[in-house]
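Asks: Work out the full structure: start from the sequences and follow the hints.
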Amino acid sequence: MAAFQKALCLLPLFFIHGYAQFLFRNPFAPFFPRPAEGSLRVDGNAQSDFETKSKGTWQIFSKDSGVSSMHMQLLPNNKVIMYDAAAFHISNIKLPNGVCIPFKDKDGKELQDCWSHGVEFDTDTGNVRPLKMQYDPWCSSGGLSPIDGTLLSTGGWNDGIKTVRYIAPCEICDFEEYQTALADPRWYATQITLADGGFLLVGGRKAYTYEYVPPKGASNEKATKLALLDQTTDLDENNLYPFVHLSTDGNIFIFANNRAILLNLEMNEVVHEFPVLDGGSRNYPASGMSALLPIKLHVDNAEVIPAEIMVCGGAKPNAYGLAGKGQFIPALQDCGRIQITKPNAVWKKEYMPSQRVMGDMLILPTGKLLIINGAKKGTAAWAYAEDPNLVPVHYDPDGPKNKRFKELNPSKIPRMYHSTSAVLQDGKILVAGSNTNPGYDYKAKYPTELRVEKFWPPYLDKELDQHRPEIVELASTKRFTYGQTIIFRFKLEDEVLSKADIKVTMLAPPFTTHGYSMNQRMLILGKKEVTMHLGGVQQVVAVAPPSRVVAPPGYYLIFLVYRGVPSKGMWVQIM
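If you read the sequence shown in this note's numbering, its first letter stands for residue 1, the second for the next number, and so on.
List of simulated lysine-lysine pairs, DSS-like, C-alpha gap at most 25 Å: (1) 568 with 491; (2) 79 with 454; (3) 428 with 63; (4) 376 with 348; (5) 377 with 443; (6) 348 with 316; (7) 428 with 296.
Across the chosen pairs, the derived CB separations fall in these ranges: (8) 106 with 441: 16 to 26 Å; (9) 197 with 96: 31 to 41 Å; (10) 412 with 535: 40 to 50 Å; (11) 349 with 444: 31 to 41 Å.
Hint data in this document are derived by calculation from the structure and do not stem from the laboratory. Glycine included, each C-beta is placed from N, C-alpha and C at the ideal position.
Replies: Below is the structure:
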C-alpha cells in the first residue's frame, strides 16, 4: 500500500515532464534555476573556445560540375555561380535547347560552340543549370550588386575583355552582357565594392589604370592611370590580379607584386606608400593570397577603426621563367601582416607550416581564416606547378604568436591552377575546379577537375552541436541601416552564458578566382546586451556597422558564434 501511495505521488511529475517537452527545449528547465526572462547577462572575460579533436572532414559532394570552376561566387539564394574560360569551346555540359554560339577558328572558319562555360550550382543538391556566356570571361573579375544580389562579372579575354555581365539570383536568370562597357582591357583585373555600392576595377594585363564599372548599358570612355601598376611589372609581370581592399578610413589599399599604397580616389592621389614586403612576388603568376582581417567593432567606435591586411605565400620573381624550363622552385612560406590605418606601420612576418602558391584564403564564420588549395612549387599558369598542397591550414589572427597556424586533414584531390572555394551558409567550404591544361584533359598528370568537394572545418564537429546556436530567423533583423540597433534571437542548449562568449560576425561572400577572394570582408559587431527571451529563446542586441566605409552596402551572412561554435548563417542586407 505504501509503495502504491508513493507511486501515486510521483504521477503528477510524469504529466509535468510530458507537458514540459512541448514548452521547453530542455524539459527539466522549469525545475532548475535559470536567468529570468529579460535578465541581463554579465559581460566578463570570454571563456576559451570549446575544444574538439576534429581536424576537419572531406566529402566528394558532386562528381560533375559541368564546367571546371575557374571563378566562383555564392549568391544570396545559396546557389553558386561557377564559370570557366570559353576560349577552348569545350566543357562537360551542353547549352540547353540546342543553343550554340557561332565563332571563327584561327583560320577564319565559321564554327559553332554548343558547350556551356558557366553553371548555376545548387549547394544543397549538387544540381547544375547551364548558363550562356556570349563573350569570353577567361580570367575575369566580379562581385555582388548591393541592391538585389546580382553578380556583376567584368572583363575577360578576347571578345570579352571589355565586357560587363549580369546574372540575377533567380531560377531562370541567365547572363546579360554588354561587350563594350569598359574603357580599358581587363584581363586579370581586380574588382572591389566601394562605399557607395559601386565597383572599382584595378589593373589587368597591360592595363596600368583603374576605372569605375559604369551603369548598366553605359560605356566608359577613359580610365585613370595608376603608376604603381607600371612600376611593379616584372619581366614575368607578377602584379596581375592585384590585392585591393577598401580601408576603414575610406582610402583604397592596393598591393601589386611586393609593394603597396593607399589611394585616395576622390583626389586621385597616393596618400601613403607602405614598406616593401620582402621575400618574393605575391601576385599572378606568382600568385599569393590576401585578406583584410576581421574588423572589430564596438558599440561606440573610434573615428578611424583599425584595419589590418594579411598577405601569404607567392613565389620568387624568377619562378615563372624557371617553371617554363621545367624547373619548379619552392613557393614562398611566409606571411606579412600590416595595420594600414596606423602611421609608419611595418610588415610583421609569420610562417605557414608549408610553402603555398595559388592557394585560397577564406575568412570563416568564427573570424578565423582557412588557407586551402594550391601547390608547393612553381607558379600559376598551365603546367607551371608541381607538388600540390593538399593540406588546409587554420589560422587564428588573435592566437599566441608562433601558435596561430594549425594543419587540418588533407584532401585527396589536387586543387592547383584555376581552383576555387567558398564559405557556405552552413559553414561548410565548397571546393571546386583545378585545370592546369588548355582545354579539358582528363588524362593529364593533373587532369581537368570536375569533382566538387565539401570540407567540414573542425567547428562542425558533431560533438560541438550541443553548443551550437540556432538563429530564430523570423524573430531576427534581416535588413538594417548603418548604426542601427539590431536584434538576433537564438536557441542555445547552454543555459548560462556571458555576453563576452557570444560573437556576432557579418561576412561578405567573395568572388574567388586565381587565389584571390575579391570583396571578402568580415565585421565583428559590437554588442549591447544578451538576455533571455520567451520559451528558452535568447536574444543578443548588437549595433550595425557605423558607416558604408566600414561595411559597403549589400548582402552579408550573419553568424552567431558561441565559444568558437558558429550557427548556420542568416542572409542580411545593409543599405
